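Trainee: Here are the chains, one letter per residue:
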Amino acid sequence: MRRAMTCKEIEKRLSAHLDGELEMQSSHAVQEHIAGCPACRRAAARLQQVYALLPEVEIPAPDPFMATRVRAALAGKRRFRPVHRLLLPASVAAGLVLGMILGRDLYTRWSGSSTVTMENLEVRMLQKVPGSSLTASYLDLSNPEGNSYE
Amino acid sequence: MQTDQELIDRFQQGDESTFDELVRRHEQRIRALCGCYLSDPQDVQDAAQETFIRAFRGLPSFRPEARFSTWLFRIAIHTSLNQVRSRRRRGWMQAFSRLPGMEDQIVTSGTGAPTPLEEVERAEQQRLIRAALDSLPEEQRTAVILHRFHGLKYQEIADATGSSLAAVEARIHRAKGRLAVLLADYMKE
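From first to last, the protein sequence lines are chains A and B.
Note that the working numbering gives residue 80 to position 80 of the first sequence, counting from 1, and the numbers run on in steps of one.
Note that the working numbering gives residue 133 to position 133 of the second sequence, counting from 1, and the numbers run on in steps of one.
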């Protein structure tokens, strides 16, 4: 003879019973218990009310353009894919340019000059020239005030 | 009319045009489902669209162990939850209609139209019910949404969520129990 289910066992299966989800034999067992147990009958009544309190979900009107938008989105994702392939070389190029700018800045700081210009470079290169050289003559002509280049 | 599986078979044989018919058949329910997770209409639209995009990509390898609609629901749930998590916002869209069975509980002014006080009370009740639903753990809320609002059977919910039948049964039972406690004020003895 099949053992009668306890209230605790019945309670766990109440929702499934009320939702019609139990197989026939289990459903009959739960129904028989509820019929003879006021506490479980009250519990079943409470559970039945819960769903009745919940509002209905409105099913929205058809959207005739959903398929078109999905297609467009899929096509767009495919079309834009090549851009991603350019990101790596673009990043490398950007890194090189940035490195050159930073390198120039570091060189400037290391060399002590606030600005590296061709003029500065020329002056340093020509600092130690022989006094009788053509370069010295050029420097004299380009420096009438006699400013020191050192 | 061809069944979903027949359309899918044709799609898998190279006829991608059948996907449009699948979208047409299911887009309303998918938008309704996404609307159970997302409050902003644009977010709902985006989630539904993303659902179908993912479905298109997965359709070549779809196997008919579960119904297409159940599989689609699974994608929609994941997509919607991802969007919820990314926005760190949970809510219910305004698509919820009036509560059923409320009319006989409200004394109207005699003209048939609710009074302002009645409207306020009704709005507050709806807010509390939505808050109660929102307070459910994610898995329980998903189970209730699919069962109560979309009419799925427990096994279909198990398929849609990748869970066992026993787990779905337990979640729905616990969800109902929790809602019964939270909404006790609105329940008849």
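It is worth saying that the hints were derived from the structure and are not from the lab.
One thing to keep in mind: the hints can contain errors.
[Said to hold, decoys possible] Mimicking BS3-like on lysine-lysine, the simulated pairs with C-alpha atoms at most 25 angstroms apart in a straight line are: (1) 12(A) to 153(B); (2) 8(A) to 188(B); (3) 12(A) to 188(B).
Predicted, not measured: the structure shown is a model, and the values here were computed from it.
Trainee: All hints, please: hold or fail.
Mentor: Cross-check of the supplied hints:
1. Our distance criterion of 25 angstroms between C-alpha atoms is met by residue 12(A) and residue 153(B), whose separation comes to about 18 angstroms.
2. Proximity of residue 8(A) to residue 188(B) is assessed by CA-CA distance (about 23 angstroms); at most 25 angstroms being required, the pair is judged to hold.
3. For the given pair, residue 12(A) sits about 22 angstroms from residue 188(B) by alpha-carbon distance, which is consistent with the 25 angstroms threshold.
When held up to the earlier numbered hints, the structure conflicts with none and fits them all.
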